[in-house]
Amino acid sequence: MIWLWGALAFWAAAWFVNARIAASPVRDTKGARIVVPVLFGITLLVLWEGLVRAFAVSPVILPAPSAVAQTFAASTTILWEDFRQTVIKGAMSGFAIGASAAFVTAILIDRSSFLTRGLLPIGNFVAALPIVGIAPIMVNWFGFDWQSKSAVVVVMVFFPILVNTVQGLREAEAMQRDLMRTYGASYLQTLVKLRLPAAMPFIFNGLKIATTLALIGAIVAEYFGSPTRGMGFRISTGVGSLSIDLVWAEIAVAALAGTVFYGIVAWIEKRVTFWHPSQRR
Amino acid sequence: MRNLVPVLAVLGAILALWYAAVAPMNIRGALDQAERSGAVVVPEGSAVRARTGTWALVFGNTEHLGLAYALDRPRLPTPGQVAHELWKTTGEMALNGRAMSKRSLLYHGWITLQSTFWGFLLGTTLGILGAVAIVYSRVVDMSLMPWAIISQTIPIVALAPMIIVLSSQMGIEGRGVPKAIISAYLCYFPVLVGMVKGLRSPSASQLDLLQTYSASGAQAFFKLRLPASVPYLFTSLKIGVAAALVGTIVGELPTGAISGLGARILIGDQFGTPLAIWAALVAAAVLAGALVTLLDLAQRVTLRRMGMQG
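So the protein lines, in turn, are chains A and B. Counted from 1, the first sequence has number 140 at position 141 by numbering that gives the first Met the number 0; the numbering is strictly sequential. Counted from 1, the second sequence has number 231 at position 232 by numbering that gives the first Met the number 0; the numbering is strictly sequential.
Chain A extracted, bound-state conformation (with noise of 0.2 Å):
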């Protein structure tokens, strides 16, 4: 029962804390943006501790962060095989494809006031569907290596790509490109200098989904057929063989590559899109 107390102890000293943070004045600090989340992720974790302690919940069922966090620094070969087959090879290859090939059909029917009023309608249509569907398609065609898992990806990132740059590079207003025009623009010029960058923030929010979107598809393609290797292989397997706490262990991984993938695309928005109101502090 100490576990229990202490656990729901914590949890109220750390609300105390941050409530007090939030009241004070130096809540606007960067620090305390930081502190804050922080604690009541570590507020989480401390109830789960002291919740499968008290109640003696058995390994196979729930095991406790401390279980997962000694897996996972005995088992960093596996993790990093695992990470590298399905987020290097299947994730980010099918992210690098599928953003550009959108990147580009996007620039390329832009030319076409007809093809973009066609695509539009039906990229947006697609992109609300379960895509993740065509794996099994994907792993029938293109085999159970990488290669399929990067095709499922591909086409998971293909249409929120394609239909937000679109609608970005819609985004200059007739008066910003009339100006080019009197400038003696040429069309690149225009693209580059103007639409381009006016379009990156809609192409960046883009980005963002599909970061998510690539590893959901990545994991999901392996559970229809991989390698020995693979993070949703392990997991597929590991739920089987009932060693859940190498499979909380993956899930860390897929967790932390995810939102470190996430991070990474909203750090490079940021440099580029400096000038645009959301990112003015």
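Careful: at least some of the hints might be erroneous.
In the BS3-like style, the derived pairs of lysine-lysine whose C-alpha atoms are separated by at most 25 Å in a straight line are [what the hints assert, rightly or not]:
1) A/Lys-88 / A/Lys-207
2) A/Lys-269 / A/Lys-207
3) A/Lys-207 / A/Lys-192
4) A/Lys-269 / A/Lys-29
5) A/Lys-29 / B/Lys-196
6) B/Lys-196 / A/Lys-207
7) B/Lys-101 / B/Lys-87
8) A/Lys-192 / A/Lys-88
9) B/Lys-196 / A/Lys-269
Keep in mind the hints are simulated off the structure, nothing from the lab. Bear in mind that the values here come from a model prediction, so they are computed numbers and not experimental data.
Assemble the complex: chain A is given as a structure, and chain B must be docked to it using the hints.
For chain B alone, coordinates are given in the frame of chain A:
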């Protein structure tokens, strides 16, 4: 309506490309089948053909191309085959009075729709409650908002098997609840973000005006903030319902479910019946389209009644 012609043109082009792609995709299977039934194929033997280029096979065996469009287990079925399979497992079965048979996509679509509905309901409720808490409490805003964003960067499919294991250990029968949790996980975020934006959309002068009327906090919420957030709510509901459907299908895919559209895809994969996979995919697409259209209609009607849209 002015978009109708371009959309139809693009759809036609996609269909044409699809038909054109069927021949090279299926040529090997078609030639294997033709050779087994005794026809003359250039070159002979599937081992030799494995080293021959696809286009050489297509143009060397033009008389067998028809077969590529009529395989039982094609690598890429034609749109016609998919439509036929879809009709066979929905309309035809319904006409025979077996609409809810276990082989019918209507039955599986219904199962998926149910989980989607509960997930959508749960996710929307959580999203709206979370948004209200975030708007009214600075602590919640500071501690919850970053984690809400991080939660969406975690690939839910990794968690899906664990959610199913956990809920079955806690004595929850069936897959409805874990599927609903997974779809709620994907669906709550757009609602949360949209509602936070919507509840904060009244300007300071509007809030001040209510204060001069000496309106209570509850009155300010129900008479100003909530109505102002409705357009935002509907926009995010449309994203949310599509996400909820994705969540349900993701919840059905990797987990050995036996009913639901995702399970049809899984079973089609295991039994090597690609037509079943394609039909289930199209059914899922139709379902997604129907749900989003329904919410779009609800949005138009509501906003018109509220006087927000002509």
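Verification of the supplied hints:
1. A/Lys-88 / A/Lys-207: holds (19 Å)
2. A/Lys-269 / A/Lys-207: holds (12 Å)
3. A/Lys-207 / A/Lys-192: Holds: A/Lys-207 and A/Lys-192 sit about 23 Å apart, inside 25 Å.
4. A/Lys-269 / A/Lys-29: holds (16 Å)
5. A/Lys-29 / B/Lys-196: holds (22 Å)
6. B/Lys-196 / A/Lys-207: At roughly 19 Å apart (the allowed maximum being 25 Å), A/Lys-207 and B/Lys-196 satisfy the hint.
7. B/Lys-101 / B/Lys-87: holds (13 Å)
8. A/Lys-192 / A/Lys-88: violated (34 Å)
9. B/Lys-196 / A/Lys-269: holds (21 Å)
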